[in-house]
Amino acid sequence: MTTKAAPSAWRDPVALLAAPAVIYLLVVYAFPLLWLFMKSLTGPGGLTIQPYVSFLSDPFNWRVIGNTLRVAAWVTVVCFLIGYPAAFALARAGAVLQIVMLISIILPLSVGAVVKAFAWQIVLRRDGIVSQTLVGLGLWDEPQRLLFTETGLVLGAANIFLPFMILPIYSVVKLIDPRLSEAGATLGATPLYRFSHVTLPLTLPGIVSGVAFVFSMSVSMFVIPSLLIGDRFQTLSTLTGRSFLLMRNEQLGSTTAVILLVLAVSIVVGSTWLARRIGGSST
Amino acid sequence: MTALERVSQYVVWFIAGFTVIFLMTPLVVTVAVSFGSSTVFTLPPPDWSLRWYERLAGMRGLLPALVVSLQIAAVSTAVAMVLGTLCAIALVRGRFPGRETISTFLVSPLMLPGLVIGIAMLQGFKAMGLRDVYASLLVAHVVITLPYVVRTVVGALSLFDFSLIDAARTLGCSYSAALTRVLVPSLAPAFLTSGMFAFLASMDNYPISMFFTDAWTKTLPIQMLQYVEERPDPTIAAISAGLVLLAIVALVIGDRLVGLRKLADF
Amino acid sequence: MPPDSSTSDSFLDVAGAEKAFGGVTVLGGVDLQVAAGEFISLLGPSGCGKTTLLRIVAGLLAADRGAIRLDGEDIGARPPHRRDVGVVFQNYALFPHLTVAENIAFGLKARKHPAAEIAPTVQRFLELVHLTDFADRSVRALSGGQQQRVAVARALAVQPKLLLLDEPFSALDRKLRENMQIELRRLLRELGITAVFVTHDQDEALTMSDRIAVMNKGAIEQLDVPSTIYRSPATAFVLEFVGLSSRLSGTVVGQDHDQVVVDTAFGPLRAPGSFVAGASVVLAVRPERIKVNAPGDYALVGRLRDAVFQGSKIQLHFETQGSDQLMVETADLSDGLPPPGTEMRLGWAVADTLIYPAP
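Protein chains in written order, with the numbering used here: chain A, 1 to 283; chain B, 1 to 266; chain C, 1 to 359.
Read the hints as simulated data drawn from the structure, not as lab findings. From the three backbone atoms N, C-alpha and C, an ideal C-beta is built for every residue, glycine too. Treat the hints with care, as some may be off.
[What the hints assert, rightly or not] DSS-like cross-link-like pairs, simulated, lysine-lysine; straight-line CA separation at most 25 Å:
(1) B:K262 <-> A:K174
(2) B:K126 <-> A:K39
(3) C:K112 <-> C:K161
(4) C:K175 <-> C:K313
[As the list claims (entries may be wrong)] Just some of the chain A residues that point at chain C, by a computed CB distance under 7 Å:
(5) R179
(6) A185
(7) Y193
Only chain A is shown next, with the shape it has when bound in the complex (with noise of 0.2 Å):
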């Protein structure tokens, strides 16, 4: 093949096959999403961010920022929490335990979001697992519904975005030299050290990208919330999804869209460029 400097995109041919792909999603999403951000911010007598302003200065919406926020921050917690250990699990596995561990995490996340809500519905009920288990193992007196608590959609949401915290990370830990520990130990370092200086510094794009990516799910999640906590809690999501097909209230809805795609774009941003500067020190 010819090994000249790279051409322009008029030049290389091969390019041209993008283009179908591109223009299609140019019309059909790119540019209704622009059109959504511009019309949020077109009054009656042109731009005006004023439906924004009513939005925020209405606490009641501050509590719906917040309690979005607040869960899908817990949930990032509880993921890490399960989920960083569980990757070192499934790198350490044995050839058995492994093909199990990757069934149990990829089969979840080839059923979808309504069946593992409705699955979770079931769990969480007074007479569910979860509450005979945790009666079972003495931590609760009796048993208890977790359903329609904030607790209670935290479990969930947490166990339907568990495997999107093990997996990039995983693929990190796998590419991690087992000699660099070997190393360390042969330069005088405790496991301790070791891990706090040379395997967790290393797998941190894997928890950058497992953190982005639970974050931005749980932020923008709506069907789990709507299975899980009912109408009294109110997250960006459901609130959205409710100004449109129940209240009828348009310009709700795009205005609570758009602070969601924004909130959205700026996690994929900020998780990018700051991929970018670790990524730019280690492996």
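Assemble the complex: chain A is given as a structure, and chains B and C must be docked to it using the hints.
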């Protein structure tokens, strides 16, 4: 040294066991409930029965919703595979600026809230004059499936050693024959697997699909949610169990084609 | 020079190290004693157990049986981070997320050296390996040779009692390798650090070592100074693994005082030693000990098959039967390269003849 090794083995087993149980519990519970005889979701059920599965045939709207979901998934996946493969070739083999931007752009629907995308599409399609619900669903689902195809095919193409094509040509194949006999078989597993998971993603989708529905056109997840709101009973568990079965089949095929570890590549 | 290696209070004393993996014996009861300040090479083909032995000494692998004593202390039960044994890995194992200076400082920080001492120590070792300008560079930007030097500096910065090196130069090209060999010896002598060096390259072992342990199939076949290993290989394996040789098979026909008489394809030849009459043996001589057309203890006539020009010397290969090999190395180029088929008279001293049981 071996003492530390033995302890860490136990720890690995403990964490792995907990994680597996934690992740599988919802699915296991659902399937168990679907085989129980009581209308309430108690476990263990008082008796085993297939009554909920028998009710499936009589559920109003279930079959049409299933058909709609399957059709939409099949067509949108097919379209996505064509568009996505062409695009993946351009991204891997092309030498033009902005490849990384385009790549991120193509995968972005996975990262943004489906709800917002759904709303934007709803209003955008109306503004562009597209009012037919079925067609709108179709157009929207291509956006859902495309990222899966692009990401997987780009990954597989990046790993493909193109010097194999050169080797085939020195052994007497024409360029297109080399592609057919070397590239296609090598890529086929990843290609098929990406199609399968794109299909599943379309079948499972709710946040975007919920904006494109009317009395005659509902996808399966929307229909299921309706059942949950109207009359929650283990029939829904039976439907869920069916979807779990579908996912298991996809997993087995995927493992045969590319292996579980490849499926886990993020 | 190396002191008497049979003292039981050697600096490093490995006794009876055994290791088997899944029923396959990788190390079968190996003993090794190294004196303080000595440079010992473990030389052998892949699979001979040299890396396994190294990892056992480092504590990265547990032996099935055997004791390890370092500087008078039993370290066999200690984890690697408490053995004070440094390792330079074959693939360097530099920490990719740290700079050159941070890599070198790693051991010092991990061992909680006083902060004020760390920077000067790092600086000193940067200078010792000539990498002062690279202190703040990421290690991924370095060439193979530079990475190698960082790996060595990092291991030495903590002044371990023992330094183990696992084929550290195998990925470098020849010129660089030779430079690094000299540099390493200089550094180790300057710092007075004892070293065990694993390699499969016999030239490397011969050049660098105070003593060489030639290993094969999990056992040390000979442990001695390089000149003895070369001139008096203890077994046929050592003979073949280290250096070139001419080998003639034959049968013992008699014993004459301290020499055996062996019947070979070239007639009766003698070697120092004693064997039972009728035994199958192999006679060997180093190629540079054979003289062409000059008086020696023998007068063999060989028919030339090949003459190979090697710059400073010529290798002459002669026609032989079966598994025999007859080759001569000579620096005498005055007659130029003789053509194949030339008959030449070859001779060598009985004292230079080696004899081994036939395999």
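Can you confirm whether the C-alpha distance between K175 of chain C and K313 of chain C stays at or below 25 Å? holds (21 Å)
Quick check on the hint: A185 of chain A CB to chain C CB, less than 7 Å? holds (4 Å)
For the pair supplied as a hint, K126 of chain B and K39 of chain A, is the alpha-carbon distance within the 25 Å limit? Holds: K126 of chain B and K39 of chain A sit about 14 Å apart, inside 25 Å.
Double-check R179 of chain A for me: the hint is only fine if its C-beta lies closer than 7 Å to a C-beta in chain C. Hint on R179 of chain A: holds, closest Cβ of chain C at ~4 Å, below 7 Å.
Does Y193 of chain A hold up as a contact with chain C if the rule is Cβ-Cβ below 7 Å? Cβ of Y193 of chain A sits 5 Å from chain C, so the hint holds.
When you check the alpha-carbon spacing of K112 of chain C and K161 of chain C, does it fall within 25 Å? The hint holds at about 17 Å.
Is K262 of chain B close enough to K174 of chain A, meaning Cα to Cα at most 25 Å? holds (13 Å)
The structure agrees with every numbered hint stated previously.
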